[in-house]
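Note that our numbering numbers the sequence shown so that position 20 is 20, with each residue one more than the last.
Just so you know, these hints were derived from the structure itself, not from any lab. From the three backbone atoms N, C-alpha and C, an ideal C-beta is built for every residue, glycine too. Some hints here could point you the wrong way.
[Unchecked claim] Cβ pair distances, simulated, as ranges: (1) Val27 to Arg58: 40 to 50 Å; (2) Arg87 to Gly17: 18 to 28 Å; (3) Arg58 to Pro26: 38 to 48 Å; (4) Arg58 to Pro82: 27 to 37 Å.
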Amino acid sequence: MLIAPAGALLLLGLYAGLVLIGMPLPVFADRLAELHAPLLVFGFVGTLISLERAVALRRAWAYAAPVLLAVGALLALSPAPPLRGGRWCCSGCWPTSRSTSRSGAANP
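Work out the full structure, taking the sequences as your base and the hints as a guide.
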């Protein structure tokens, strides 16, 4: 269920990259070219890695991270203020960091 938005964000990030290098493609969002990296990093990679962590933890709260990251990346494309998507992505990073500290992988 959460892999589909990640796949859509991968395609949007690749499309934004093509717009960024100057391909003559229709642009459906004003900020599309400048969102190439956030779409791929937070939207695609962040969603998939946090989804993998959530599956490994087997805890319902861990699924908040991939949902927040995917929604944040999609909100960044909307006509909403640019910081709104960034806030959702930052919120999605908290459950991921919590899952890392709980698993013992990041303990010094």
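Cross-check of the supplied hints:
1. Val27 to Arg58: 40 to 50 Å: holds (42 Å)
2. Arg87 to Gly17: 18 to 28 Å: holds (24 Å)
3. Arg58 to Pro26: 38 to 48 Å: holds (43 Å)
4. Arg58 to Pro82: 27 to 37 Å: About 35 Å separates the Cβ atoms of Arg58 and Pro82, which means 27 to 37 Å holds.
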